[in-house]
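Peer 1: The lines below spell out each chain.
2 protein chains.
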Amino acid sequence: MSSNGPDDVVLLAHGSGGVMSHELVAKRLLAYISNTTLDRLDDSAVLSCHGRIAFTTDSYVVSPLLFPGGDIGRIAVCGTINDLAVMGAQPLCLSLALIIEEGLPFRTLDVVMSSVHDTCAEAGIHVVTGDTKVVNRGKADGLFITTSGIGLVPGDLDISARLAQPGDRVLLSGTIAEHGIAIMSAREGLSFSTTITSDCAPLNGLVSTMLGAVPTGIHAMRDPTRGGLATTLNEIASQSDVGIVINEAAIPVRQEVRAAADMLGLDPLYVANEGKLVAVAAADHADALLKALHGHPLGQDATIIGEVVSDKPGKVIMRTRMGPTRLVQMIAGELLPRIC
Amino acid sequence: MSSNGPDDVVLLAHGSGGVMSHELVAKRLLAYISNTTLDRLDDSAVLSCHGRIAFTTDSYVVSPLLFPGGDIGRIAVCGTINDLAVMGAQPLCLSLALIIEEGLPFRTLDVVMSSVHDTCAEAGIHVVTGDTKVVNRGKADGLFITTSGIGLVPGDLDISARLAQPGDRVLLSGTIAEHGIAIMSAREGLSFSTTITSDCAPLNGLVSTMLGAVPTGIHAMRDPTRGGLATTLNEIASQSDVGIVINEAAIPVRQEVRAAADMLGLDPLYVANEGKLVAVAAADHADALLKALHGHPLGQDATIIGEVVSDKPGKVIMRTRMGPTRLVQMIAGELLPRIC
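Those sequence lines, one after another, are chains A and B. Counting from 1, position 184 in the first sequence corresponds to residue 184 in our numbering; the numbering is continuous, with no gaps. Counting from 1, position 319 in the second sequence corresponds to residue 319 in our numbering; the numbering is continuous, with no gaps.
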């Protein structure tokens, strides 16, 4: 940090609640994400809202803060938007809470806040309330971000990991494992012939397209982040008390991602995604849903990867490329710490 | 940490998203704060909501995690409830996001979660959605908590730090500086003849009582946390573009708190509170509001501490006990790091 003068980094005093805090908020945060609601700087944002709302929160502790295809700001906005979107909700607004380690270079904070702005614009949403804390050097790791989000759930839509039914088809919106492999490659300093970038993206537009095509046929939806596709499918199987049978050959993995995963000793099924979703839908709506997915830039590699069965409730079974089936278990311990 | 076996502390694998994460959530988190919405463990909670909502977030990085009169769990619930309450909103639900440092003893987590439960029960609110991340040893400081909250704003109520008007009276709900002094005493290992405890408390009940008595007379309200009463009054003066004149003699400070503040070299005006509020109300409603405050357990020491003037917009002036007036400035740098 010796190359950074006191003007170039966040200081403990920026978390005081006083003059320096107000300057940090005005010059380094509001400068990027200003809007009429946030700018009031009241203790809460006030919004109109009629109907059913979805409410979610996630903390982001990804390391490194900047990685190929994104940064902690982009992932913090995408992750919370995606948790709303997979419930079928249209994101309404976000909150943004920063925990900054003293010494964080302002140039890093600027990159992150610029990314928060850009990702919010991409998703058509605003940050309406926030908070900033600063902790002493060595008591955090650069920057942690917690976002919460509110979304509007249309009509009487009910999408939940509890609602998968035997006979349903399981759709995957695209290639898997890119986020986790991008982070691990950045962390290990690996280079491949092609740079693997995170798939980090806001999925609310994709979900709108899906619900436009199939307003009532989607039963369950989830974004396979920590623990990867395997863990998400296990959660749906367990919460819906159904079995899920998937075909290994139907799961799209980019060639360079598969090669990198092999090199790192990782199974792509367990590696985090940040711009993909799994949808479980009634069989007679599956083709229409696949067509809708293919019509959106974020769903071009979508496939039907399997189906829901009444056998083996709570279990996920994979038909392997070789022929036999095997049990796909939930991840047990820690595969990739601080991936999001 | 040598006295803690691997079964007694949080491990990195508890943040994996897999089996150990699910066990942590079920046994150590849901065990304390279970309710039908949260227990679904969907990506978002879904709630009905009609009207105007208030939305707020705060991260808590208080050190030490446990202190006289509270802990990080209690402060995280109270702080967010209070940010809703001072907007006149009735708290509807909370989110709870934990960032845990590997090695945190489960017994500490249990104390904190038990406190989250008790404080939610005291305020009549539930945690409906949450998230848990674990970071490596040395990359956080035990536990950071971010809570967000949604509240319902009754009718067309509009309370904001922008709406103080000349002629308004400034009310303070009770004695100041207890939270900050309790934390500093705990941190410095100071002991006084009486243990000074944090005033940390949910203020939604107090605000309901106030709005019941004076439905339309309250113009601005804020809880004086980081930066203390001085900073909060400066924020109201600045945002409303008015002057505020306060009487030093009218500001209640407990004798032992004043003594401890003297010993620590702190001015109670700048020391954080976590269970107090400042209300700026029309002069003809001030007595009714004071009476309402006195009728609630959390408002028994309430006083009228001053008034709003058109002179000196953006400034806070104090008539001292000695007679002359002085300018009360916003806190500049860092007085008490990690007080909340």
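Treat the hints as calculated values from the structure; they're not laboratory data. Computed from a predicted model, the values in this text were never measured in an experiment. Treat the hints with care, as some may be off.
Because identical chains share one entry, a pair is satisfied inside a single copy or across any pair of copies.
What the hints assert, rightly or not - Here are the simulated DSS-like pairs of lysine-lysine, each with C-alpha atoms no more than 30 Å apart in a straight line: (1) K291 x K27; (2) K27 x K315; (3) K27 x K312; (4) K315 x K291.
Peer 1: Which holds for K315 with K291 at a C-alpha limit of 30 Å: within a copy, between copies, both or neither?
Peer 2: Classified as within; 28 Å inside a copy, 62 Å across copies.
Peer 1: Is it within a copy, between copies, both, or neither that the alpha carbon of K27 lies no farther than 30 Å from that of K312?
Peer 2: between (56 Å within a copy, 25 Å between copies)
Peer 1: When no copy is specified for K27 and K315, does a C-alpha distance of 30 Å or less occur within a copy, between copies, both, or neither?
Peer 2: Classified as between; 22 Å across copies, 52 Å inside a copy.
Peer 1: If the cutoff is 30 Å on CA atoms, where do K291 and K27 land: within, between, both or neither? Let me know, please.
Peer 2: neither (45 Å within a copy, 42 Å between copies)
Checked against the numbered hints above, the structure breaks only hint 1 and satisfies the rest.
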